[in-house]
Amino acid sequence: MTKLVALPILLPLLAAALSIACGRNRNLQRLIGVVTLTAVTVISTALLIHVDNVGIKVVQAGGWPAPIGITLVADRFAVIMLLIAAIMLLAVLVYAIGQRGAEQRHVAFHPTYLVLAAGVSLSFLTGDLFNLFVAFEVMLMASYVLLTLGGRAEQVRTGMTYVVISLLASTLFLIALAFIYATTGTVNMADLSVRLEDIPSGLRSALALLLLIVFGIKAAVFPLYFWLPDSYPTAPTAVTAVFAGLLTKVGVYAIIRTQTLLFPADTRPGTLLLIVAAVTMVIGVLGAIAQDDVKRILSFHIVSQIGYMIMGLGLFSLAGIAGAIFYIIHHIVVKTTLFLVAGLIELRSGSGRLANIGGLAHTAPWLAVLFLIPALSLAGIPPFSGFVAKLALVQAGLDAGQYIVVGVTLAVSILTLFSMIKIWANAFWGQPHDATESPSAPITAPITVPTVAPISSPRLMMAVTGALVALSIGIAVFAGPLYRLSERAAADLIDTKQYTETVLNP
Amino acid sequence: MTTLLAVIAAVLCGCGTYLILQRQLSRIVVGVSLIGHGAVVLLIGSGGGRGDPVFVGGELRSFTDPLPQALALTAIVITFGVIAFLLALAYLSWIITNDDDVEDDLEDRFVARGLRRRDDMVPADDLLSGNREVE
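Here the protein sequences come in this chain order: A and B. For the first sequence, position 244 matches number 244 in the numbering used here, and the numbering has no gaps at all. For the second sequence, position 131 matches number 1131 in the numbering used here, and the numbering has no gaps at all.
By construction, these hints were calculated from the structure, which means they are not laboratory data. In this text, all values refer to a predicted model and were calculated from it rather than measured experimentally. Incorrect hints may have been included.
Partial list, computed: chain A residues near chain B (C-beta under 8 Å) [stated by the list, open to error]:
#, residue
1, GLU137
2, ALA153
3, VAL164
4, ILE165
5, LEU174
6, LEU177
7, PRO223
8, TRP424
9, ALA425
Virtual Cβ for every residue (Gly too), placed ideally from N, Cα, C.
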């Protein structure tokens, strides 16, 4: 069972190499991608069941014991994230195959996508801060390629911003690592957790804040979010969906992991996180309301939703962190689904600009259903998964006596609903626009030039989107067991002793 | 020795920050790589002072800490790869727009023009062509 921990990283990497070798045969590449990601999903499920029953699994790469060698740690939080990421990666890959856009045209799509999967898995599993940097770089390098695949003018423009910002964040991470190594002489997270207790608290706070800024850029929290709504919408739909669902959440994962594990209770920047969370929610949702392009609206909502997760962490209570974990699970599924639906809307009407779409409820009723369920879920309408997630966070906030933040979350939920209704009213109600009649009206989609190849198979895309919608309903139906699982994961995060003991003294 | 490294890192990061704030993509690329070098120098500096070479002679206690050097090497390789990609992207941008400047965000330009109604908008192609002062 221990050996399985390394497989979610190794399998996609090996498959990526194989996929490059089979570059000429697109069907073989598809087969490799789907089989690999299915295997990763199965392995992650097995790991989750095992870790939940038995406890934390640790792998020491090369057999070197913990503070010296590279450590992979599978605890509940890591494995939950691993499983949900694997499911999303698989679903979006199938969607991309159905869409036949970038996936069809570029040899590099499949190998890069698999490298992205490996990077995401490694960032969840690593127990070593420097290795986390490497994981981020693997993931980001793949994301640079995927984001600029096709090399259209606006992709290059936004790609530059994205690459420069990410590179700066990575450099800042390196600087933080240098400081941490200079103060403690280790980069192993479990070892750091022990040694940082003896460091003067001022120094500790500085390190905690530096790491918070680094991961804050990756997670797109206020005031470090500005790159996201600009760069995400220009990528091919499938790529945007997987970025929206996973990449920022890897940043959130890193924030939660480092702030709970590394730093003792007296250095935790709780109030700061709560303020940042509230402002992130408000700014994100206001940005979303101002937009009139489906993908840009959804991109701003990512920023807004990140605030909820940070709020759960900022409470630093069992209920708060459990709520944050549950929120992440719900958010990854729902957000990815919404972007997939946005892709279907563009396929249907040739544009993502709200002005150019209309009447989809008449012409594509199933699409309307597929949009409505995740949209209401995002806004937190009962009985969908968003309601359960928000309820958990609100209760945690009330228990902690943070009434202002709770008030903000409720207000932001209403605004979220408002902007979802804006999409609904414009795209699904009203007069149908005939897409074939004027596909290239002057203002048609400067952001979202239709990149859809005529041979795409909407049926497969609809099926995948439908499956994800069913999954999000499943989250709501099985909210009880899932929340208890999140609570156990949160308990692991709060009681760091078990983590450090398992890693350092196996 | 460590102080010297810290000063070097500070100068590199300072120059890099200045360059990043420029409008030309080529300067930004140079700036980003300077900051990257600064970070690597800091990593080297984090290993403490000078010591004996590892594995060849010397006392066990007087070795230079080899770990930061391994970390620095990894960081150099990664930064090198990303900078190469960035250069390729900057070159592509130059080919497309015939211009080395960073362009404004499209929505920024819409807002700056104070366009209220979509009907009045200049065709999007003009805005995308890199011609920042259309009108």
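For each hint, the structure was consulted:
1. GLU137: Holds, about 5 Å.
2. ALA153: holds (5 Å)
3. VAL164: The hint holds - A:VAL164 has a Cβ within 8 Å of chain B, the shortest such distance being about 6 Å.
4. ILE165: Violated. Min distance 10 Å.
5. LEU174: holds (4 Å)
6. LEU177: holds (7 Å)
7. PRO223: violated (16 Å)
8. TRP424: violated (20 Å)
9. ALA425: violated (17 Å)
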